[in-house]
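Please model the entire structure based on the sequences and the hints provided.
Chains A and B, in that order, give the protein sequences. For the first sequence, the working numbering gives the first residue as 1288, with consecutive numbering after it. For the second sequence, the working numbering gives the first residue as 13, with consecutive numbering after it.
Honestly, the hints are just simulated from the structure, not real lab data. Treat the hints with caution; some may be incorrect.
The list that follows gives simulated cross-link-like pairs (lysine to aspartate or glutamate, EDC-like), each with its CA atoms no further than 16 Å apart [claimed, not checked]: (1) A:K1955 with B:D136; (2) A:K1541 with B:D28; (3) A:K1895 with B:D135; (4) A:K1955 with B:D135; (5) A:K1955 with B:D133; (6) A:K1955 with B:D131; (7) B:K80 with B:D63; (8) A:K1706 with A:D1648.
Now the stretches of chain B that chain A is said to cover, found in silico as 3 or more residues with beta-carbon under 8 Å [said to hold, decoys possible]: (9) 52-58; (10) 98-108; (11) 112-118; (12) 140-151.
Glycine is no exception: its CB is placed at the ideal position from the N, C-alpha and C atoms.
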Amino acid sequence: MTEPVKLTRREFLIRSTTVGGGLLLGFHLPLTGPLAADSEPPSAQPQAVEVNAWIVIQPDNGVLIRVARSEMGQGIFTALPMLIAEELGCDWEKVQAEYAAAGDNLRRDNVYMTMATGGSRSVRGSQEYLRTAGAAARELLISAAAQRWGVDAAECRAENSQVIHPPSERKLSYGELAAAAARLPAPEMVFLKDPDEWTLIGKPVKRLDVPDKVAGRPVFGADVEVPGMLHAAIRACPVFGGRLKQFDAAAIDKRPGVEHVVALEDAVAVVADSWWHAQQALEALPVEWDAAGNGKLDDAHIRAVLEDGLTSKDTVIGAERGDVAALLRAPSRRIEATYYAPYLAHATMEPMTCTAHVSDDRVEVWAPTQNAEATLKAAARAANVDARKVEVHNTQLGGGFGRRGAFQDSVEQAVRIAKQIGRPVKLFWTREEDMQHDFYRPASMARLTAVIDSDGRLAGLRTRVSAPSILAPLRPGAVRGGLDPLALQGFSDQPYAVPNLLAEYTLRELPVPVGFWRSVNHSQNTFFRECFLDEIARESGQDPVKFRSGLLTDAPRQLAVLKTAAAGAGWGRPLPERHYRGIALETSYGSHCAQVAEIRLNEDGSFKLLRVVCAIDPGYVVNPDTVEAQVESAITYGLTAALFGEITLKDGRVAQGNFHDYPMLLLKDMPAIETHVVASGGFWGGIGEPPLPPIAPAVCNALYAASGQPIHALPLNARGLRLS
Amino acid sequence: MIRLTVNGRNVELDIDPQTPLLWALRDSLHLRGTKYACGIGLCGSCTVHVDGQAVRACMTPLAALSGKAVTTIEGLSPDNNDPLQQAWRALDVPQCGYCQPGMIMAAAALLREKPSPSDADIDDAMTNICRCGTYQRVRAAIHAAAASGGDKPRD
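The structure is reproduced here in structure tokens:
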């Protein structure tokens, strides 16, 4: 153990010195608070003991580990407890996980640090304080045992949920020690294991949530039942920015089960004794809307606005090196292309839902949320009460993908409805409502210009992105001088050694709400950049892998995943007739990922996805099987978008409504996915998003290799490129 | 009044016979393993068995079910140890898990019909939508279940 961690400051990330090549951290774990174990009423029965805010030890030696981030499929309900258990030294077979509560977090002075789940940050953002919490609890258990035996704690060690004193061969279980440990002051210093000492991190572990999920047992947001609860169905103004004008409640108030018709500013809800009754009545409810001037918005207008941003003067520079302008003034060989990516809906399998109960002195909310703190604040705001009067109960999430974090629209609706009717109510959107009232991946245009020198090398790259900003409406302070710091993801931070680089962004405002969609702006920018690189390679007569390798002189980890993916796919080896390969690379959310897609182009112009070989380097790996699952997941999500995904606007409203016109990739369409985890260690990268950005350009580059026609816009389906 | 059996128990439902089975299961019988996700029979999250056949409960009115036997994910196996559930656990198939009851019920109907399905059989039968991208593991788990216990009686 060579990572001593000193417990002196609350923000325990002050790296002050190194000892023996390890890491010394200063921190103070806010281990106790109003809910700490010693403040609980005494009981004659042995009871569960909270050793610190993350860890509860039961008399039978079971360990309950609290998870502050949200499980939405990405496996953190298992991976985060693994980080704690590694240092705690407990028997993994006896570990259970439960959600930390946002209300507790507020009352206990932010003991859970952050509950926001996004940006592939759950492991990399919390691994240090979770391991530290596990280590701190372990030290308390050792101290408690040493005190009981009257021996030096240094003679004791902890393993498998026991503290052992080898000289006397005495043992005490964590269950026997927990109560005493919880009464001890927090240790001033703890040691974190070196990676080569890990016995749990890095091993394939069965997910803790799977047994319930194959039995139909988990309670998702849509499955919440509260005594006395009614059901609400809702329709929001179909035109973005529009308002509710009037409705005729009398037309439906005799319908079976209908109890209330509730008006919100921009929506109307029917509340009934069952969701089916509520929805049937809502469909029959005559409603008039005020489109607030947006009733003519359509795709032609959106494209014109974005196109203007490609040449307009109100652009800002996000990254610059060398002198691209001088390069472009000189006579040179250049390649230019303009790209387009459409709005995308998240389409989580579980549509938006929230259950709320507002009483005189309390607001209670049950929600599938990616950010329980944001849910709590949204509920307080909607009910107009102090946040300390709100309790949030996390449910399981039927998918997240960025939809259920920063945007808490359905929570606010449910609270407003509950406040008006004075009873608990479960609001559940239809698929159509969900698809037409999303916060969409921004539609985006980009113009890329490459300057090629006389040796065929990429001398300069200019990029102009024209797109709506996700951050401008959400966190205006983060957008300075018109530069959304996320807008140039994949351009300002691209891995290639291009001597002259200019990346510009033009913010274009449109009435369509935009938000974080799995991998955010990498989801389109990487498509633009990696397809353009293939165009440059082909135009200058170079192999796409060799061309990229030559630009990765300062990026050994990216080069390694590129080569691993290429080798795994047999790059350079002959393919059967009509088979083609394409490659793409990206570094995002702290991890490096390359993918090779292999397709077969049929005689009729349709194609089949045969195989995707993915190499990914997330640094350290917590649960290897989860890494592979997330690769499969991100590739599927990205393929669906590349092939079919397009939200279009007509008469101010979203033209799509359900899976017939916003189709999804099905099992029969799936390529075989082969994952090579190249865990080089030394850093903690994300995994939920990094495998997504390369898939669209890898497939498009395979199609480009097949046809010689570069692909400049998605989805492929809309360009006549269909799956067989 | 509609009389049917659900997971082997006799049930009487005194609600509008046009109510889709999905909402009768979820809100009248409190069996919430069967999910709503599209409401138009496309995604398969609401897949249950009616007399052993996979049906989409969101498109099946109660009126069509008089005297029929309905099986949901909760009734697939008394101890949640159907070969498919075992294979699903062994391969850690689910991610968010929302579509998985429908996936498992669709797979169970497939194995009843074809105890050793080919990849093409799986392609044809498994039209359920999963946004998390569990498809590759779903296919592998169906093959694994077929190899281990495809002959075990179901329903």
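Hint-by-hint comparison with the structure:
no., hint, verdict
1, A:K1955 with B:D136, "7 Å, holds"
2, A:K1541 with B:D28, "15 Å, holds"
3, A:K1895 with B:D135, "14 Å, holds"
4, A:K1955 with B:D135, "4 Å, holds"
5, A:K1955 with B:D133, "10 Å, holds"
6, A:K1955 with B:D131, "9 Å, holds"
7, B:K80 with B:D63, "6 Å, holds"
8, A:K1706 with A:D1648, "12 Å, holds"
9, 52-58, "holds (count 4)"
10, 98-108, "holds (count 7)"
11, 112-118, "holds (count 3)"
12, 140-151, "holds (count 12)"
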